[in-house]
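**Student:** The chain contents come next:
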Amino acid sequence: MAASDSSSDDSLYPIAVLIDELKNEDVQLRLNSIKKLSTIALALGVDRTRSELIPFLTETIYDEDEVLLALAEQLGNFTPLVGGPDHVHCLLPPLESLATVEETVVRDKAVDSLRAISGQHSPSDLEEHFVPLVQRLASGDWFTSRTSACGLFSVCYQRVSPAVKADLRNHFRNLCQDDTPMVRRAAASKLGEFAKVVEVEYLKSDLIPMFVNLAQDEQDSVRLLAVEACVSIATLLQQDDVEQLVMPTLRQCSGDTSWRVRYMVADKFTELQKAVGPEITKSDLVPAFQSLLKDTEAEVRAAAAHKVRDFCQNLDSYQQETIIMTQILPFVKELVADPNQHVKSALASVIMGLSPILGKHNTIEHLLPLFLSQLKDECPEVRLNIISNLDCVNEVIGIQQLSQSLLPAIVELAEDSKWRVRLAIIEYMPLLAGQLGVEFFDEKLNLLCMTWLVDHVYAIREAATLNLKKLVEKFGPDWAQNTVIPKVLAMSRDQNYLHRMTCLFCINVLAEACGSEITAKLMLPTVLTMAGDNVANVRFNVAKTLQKIGPVLEPNCIQTQVKPVLDKLNVDSDVDVKYFASEAIAGIAG
Amino acid sequence: MSSHGLFGISGEDVPSSEQEQLFIRKLRQCCVAFDFMDPVADLKGKEIKRATLNELVDFITAGRGVLTEPVYPEIIRMISANLFRTLPPSDFDPEEDDPTLEASWPHLQLVYEFFLRFLESSDFQTTIAKQVIDQKFVLQLLDLFDSEDPRERHFLKTVLHRIYGKFPGLRAFIRKQINNIFLRFVYETEHFNGVAELLEILASIISGFSLPLKSEHKQFLLKVLLPLHKVKCLSLYHAQLTYCVLQFLEKDATLTETVVKGLLKFWPKTCSQKEVMFLREIGELLDVIEPSQFAKIQEPLFKQISRCVSSPHFQVACCALYLWSNEYIMSLTEENSHVIMPIMFPALYRISRGHWNQTIVALVYNVLETFMEMNGKLFDELTAKAERQNV
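Protein chains in written order, with the numbering used here: chain C, 1 to 590; chain B, 1 to 391.
You may find that some hints are simply not true.
Claimed, not checked - Capping the alpha-carbon separation at 25 Å, the derived lysine to any residue pairs in SDA-like fashion look like this:
(1) Lys130(B) with Arg85(B)
(2) Lys265(B) with Leu329(C)
(3) Lys23(C) with Lys303(B)
(4) Lys296(B) with Val27(C)
(5) Lys157(B) with Ala103(B)
(6) Lys223(B) with Val27(C)
(7) Lys268(C) with Pro89(B)
(8) Lys218(B) with Ser139(C)
(9) Lys376(C) with Gln319(C)
(10) Lys223(B) with Gln219(C)
(11) Lys303(B) with Val27(C)
(12) Lys23(C) with Pro168(B)
(13) Lys176(B) with Gln219(C)
(14) Lys223(B) with Pro93(C)
(15) Lys265(B) with Glu64(C)
(16) Lys136(B) with Arg251(C)
(17) Lys230(B) with Leu31(C)
(18) Lys230(B) with Val27(C)
(19) Lys46(B) with Ala298(C)
To be clear, the hints were calculated from the coordinates, so they are not data collected in a lab.
The shape of chain C in the complex, shown without the other chains (with noise of 0.2 Å):
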């Protein structure tokens, strides 16, 4: 649509042909005309756009959520079409009536628009246009305006007047004492990014008293946003306000009978210890950790043991190690027993990490003890967590002290009925290889890793096989030609098929590793003899094997012995076969 052809012709055209579409019974046409609004905006240019492009459309919202949810969008790109900055303020009547909507999706995109065009708007058009629709969303009878108005305050905030703002903060004031808790939760969501805007008097003066309220509202889901509040409102205080006009509230918090709003405490406690300084934290969270360390509900004290590493890292150099030792230490002993799995494994994913913190010998002392205990878990979670971490504890006091309790652990899990289980620890293996040494590993862990290549889950052998590519990588040709590839290729004469298939898909993963020569010597003869092997999968993937190993071998060996081998299974009787080798035939051709 050339925009000199409907200027010149018929002038209504392009609204015309918007109405129609728009008119159409199918959602989807609909959907499409309106994601196509910017081009009918240019083709009328922004004076048409703003005198009856925007009001056609402020005035027919009425349509499937797909369709306002489309419209929010576009609107917040709006600006150019409209005649930049100086003009946008006219995109905000067809906003206002969105954000009214009861698909919260579509009223979310509308706030989100708003947000976006509002810092396009000039101090005054703000006053005269923005200001005033705030207002009027936040006194709007039905609760979904009220909601939405209070995304809206804190990016007009800051470039208004001073009278503006009191008149501001009076109507965020009126929606944290709203009646409706939908209302005070959006207010008390947004209070935060309130507070960062407002002049630090008034956040002492006019927020902080809202801030009080909400966390002690009636409904426990109002209270619990107020902590992420607190977060935010401390970072902005003096540590003395700090400690006078925002601990009360979060002292309260940390205690609150419902056991939701301490679980929210408990999943911000580390922006909280950031918030509130390394005084406060002292004094005040560390008796609080303690206390959600004890807690009477699970979700919480495993949200607490989450934390246990970082607030203890966290922690002001200064008396660290005495304060972790005397009162954090106590209460992570009695979470190793905890009742509770998701506590026990919480803290298993974290519980290492103290160990540079605390140095050897409080490490050897106090933790060892923990690890061990945690390594012998009934659950499965608890005991991989533990051996995930190991790295933080082998650079503290070296791996030797943990190996004599580490192997069952391994091998129990490595042994576990459920797959899943088997399976993760097997994605550690080698890294735990590396950190072991090949010794140990040769004499107490190879045997696992052969095992694992035969298990009755396709998973693991996958995974098997894959692991092995990674201990060879890591432990050398050599150690493979001795340790593995004899038993490898052992598995060519099972019985049972898939394990002589699981032969042929760990020389896949082998070979480069391993080599041309050794690939050629040692490997090769097996493959090929496996070429006459009577199930036709194996025989078919003895030809995706060659064309796998192909690359590593020289040139005169594949002209000798593997051609002649494909070119049998190419006139093979099985049709997959004679697929496969006819793609191996051409694969190695080229």
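Assemble the complex: chain C is given as a structure, and chain B must be docked to it using the hints.
**Tutor:** Coordinates of chain B only, in the frame set by chain C:
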């Protein structure tokens, strides 16, 4: 020996002058909570409390003049101490899982029994009770409707119903809080276990509305009841929701257009199970609709029904076609055949020419036959038109 008196510690009957004191003392005893998560903890204490609660239930059921003014706050205190708790974390999926039952039910059940007998007692005096059964109390009661345990919700339903009946001053508050619960359910969480129970209470509240309906109530229908149709787990409470909607229409038939428009707006696009529910609701609605209202909604409604009939999901198509097994709907169709037949015909014609499900084809033939009998001339015109377009 009075079988309705309270027994003292020694098991002997107590003179009624001291009964009030003993009553209060036993109520206070029952404020102590026991840990039922540990099945072997404090078995003796649990048994004593259970026995005491039983005693209290019997006492209040049959006793006369036992509800003196001082005992009201004590009763509420005991009930609050036992019932009001933050429900534990749960990943319960009501459509899939079995609910986790309340561990302390042996005690809770008796507390609920006691509460009910208290409210239903012939001695119960609202004027005294309303000082202790206040908004804060009711709000905490409503929160409990999210309990996973259906037995608890059953009791709560009856309790709330009694409170609504006896405390006119609390009614507006209760309705507003139920609104908030539903709105949060629809727009924020899509999780709340007590929707069906609350709707059951609302059904009897709606049936008690006086005419003309207040705008508050109409707004409730439009902004709360209709959006409840949107939620994914509709099957858990659809029966109760339909009943509420129909109650509204019984009160004021002019609301039909609003209701049908709302249902069409929220019509399921991908969930066939929900579509079947919506069709059933439409069926029940049409069964009692006034002809003047029918005329207002027939066009958009039958456009949707035409789409349903064309659905590849045979249950949806079936349910839509079964509408015409209802004689009243049939007669309405006949009266308005000049509007409905042109809308329905293209889809029916298409299906009659071939559909994967033979039952559907058979049903479609039946409907087409009926159309032919209703208005043969129009039928022939439509057939001709369809054949021309087909070629």
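**Student:** Now tell me, hint by hint, if it's right for this structure.
**Tutor:** Cross-check of the supplied hints:
no.	hint	verdict
1	Lys130(B) with Arg85(B)	holds (22 Å)
2	Lys265(B) with Leu329(C)	violated (59 Å)
3	Lys23(C) with Lys303(B)	holds (16 Å)
4	Lys296(B) with Val27(C)	holds (23 Å)
5	Lys157(B) with Ala103(B)	holds (20 Å)
6	Lys223(B) with Val27(C)	holds (23 Å)
7	Lys268(C) with Pro89(B)	holds (18 Å)
8	Lys218(B) with Ser139(C)	holds (21 Å)
9	Lys376(C) with Gln319(C)	violated (33 Å)
10	Lys223(B) with Gln219(C)	holds (22 Å)
11	Lys303(B) with Val27(C)	holds (14 Å)
12	Lys23(C) with Pro168(B)	violated (49 Å)
13	Lys176(B) with Gln219(C)	holds (15 Å)
14	Lys223(B) with Pro93(C)	holds (23 Å)
15	Lys265(B) with Glu64(C)	holds (8 Å)
16	Lys136(B) with Arg251(C)	holds (24 Å)
17	Lys230(B) with Leu31(C)	holds (21 Å)
18	Lys230(B) with Val27(C)	holds (18 Å)
19	Lys46(B) with Ala298(C)	holds (24 Å)
Taken one by one, the earlier hints fail for this structure at numbers 2, 9 and 12, listed in ascending order.
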